[in-house]
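Could you put the whole structure together from the sequences, leaning on the hints where they help?
At position 108 of the sequence shown the residue is numbered 109 (my numbering), and the sequence of numbers has no breaks.
I should point out that these hints are in silico values taken from the structure, not numbers from a laboratory. There may be inaccurate statements among the hints.
Heads up, simulated DSSO-like pairs for lysine-lysine below, C-alpha to C-alpha not over 30 Å straight-line [to be verified]:
| no. | residue 1 | residue 2 |
| --- | --- | --- |
| 1 | Lys95 | Lys48 |
| 2 | Lys64 | Lys95 |
| 3 | Lys35 | Lys64 |
| 4 | Lys69 | Lys48 |
| 5 | Lys95 | Lys69 |
| 6 | Lys9 | Lys69 |
| 7 | Lys9 | Lys35 |
| 8 | Lys35 | Lys48 |
| 9 | Lys9 | Lys64 |
| 10 | Lys9 | Lys48 |
Values in this document were obtained by computation on a predicted structure and should not be read as measured data.
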Amino acid sequence: RLEEVEEKLVPVRVMMNGIPAESYRLADVEVNPKMVMVSGPRNELRKIHEVSTGMVDIAHLEKNLAVKVPLNFDGDHVSLGDVHEVHVRIFLEKLTPVLPSEDVAPEPEEPVAP
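Structure (structure tokens):
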């Protein structure tokens, strides 16, 4: 028998590869929309907990990035609603180098008694 088609809202997971440039770190990732609608038979929808984006390359990134990314979705008997791509914003934070303080002198080593 045919199962009734249902709809379900699931979160979007941003897929990234690479690491930012040496003096930067990933501060935040925003995705819009955060949730997308999927529809299909109930027993198929139960298996779907999120929808992933295509890969966003952040290797050697030195500034914030805003891109449109397609959704990666190939569920059996399940389809995406109207949204097939999302807006992703990558926010970086510049790391401040930690310089050794001149106020703190290293402790002299105690001579070891023979």
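Evaluation of the provided hints:
Of the pairs offered as hints, the one joining Lys95 and Lys48 is violated, with about 39 Å between alpha carbons and a cut-off of 30 Å exceeded. A threshold of 30 Å between alpha carbons decides the hint, and for Lys64 with Lys95 the separation of about 9 Å falls inside it, so the pair holds. Proximity of Lys35 to Lys64 is assessed by CA-CA distance (about 23 Å); at most 30 Å being required, the pair is judged to hold. For the hint pairing Lys69 with Lys48, the CA-to-CA distance comes to about 26 Å; that is within 30 Å, so the pair holds.
Distance restraint check for Lys95 and Lys69: the Cα-Cα separation of roughly 24 Å lies within the 30 Å cut-off, and the hinted pair is therefore satisfied. For the hint pairing Lys9 with Lys69, the CA-to-CA distance comes to about 23 Å; that is within 30 Å, so the pair holds. A hinted pair counts as satisfied when its Cα atoms are at most 30 Å apart, and Lys9 with Lys35 qualifies at roughly 14 Å. A threshold of 30 Å between alpha carbons decides the hint, and for Lys35 with Lys48 the separation of about 19 Å falls inside it, so the pair holds.
At roughly 35 Å between alpha-carbon atoms, Lys9 and Lys64 are farther apart than 30 Å, so this suggested pair is violated. Among the hinted pairs, Lys9 with Lys48 is consistent with the structure: their alpha-carbon atoms are about 11 Å apart, no more than 30 Å.
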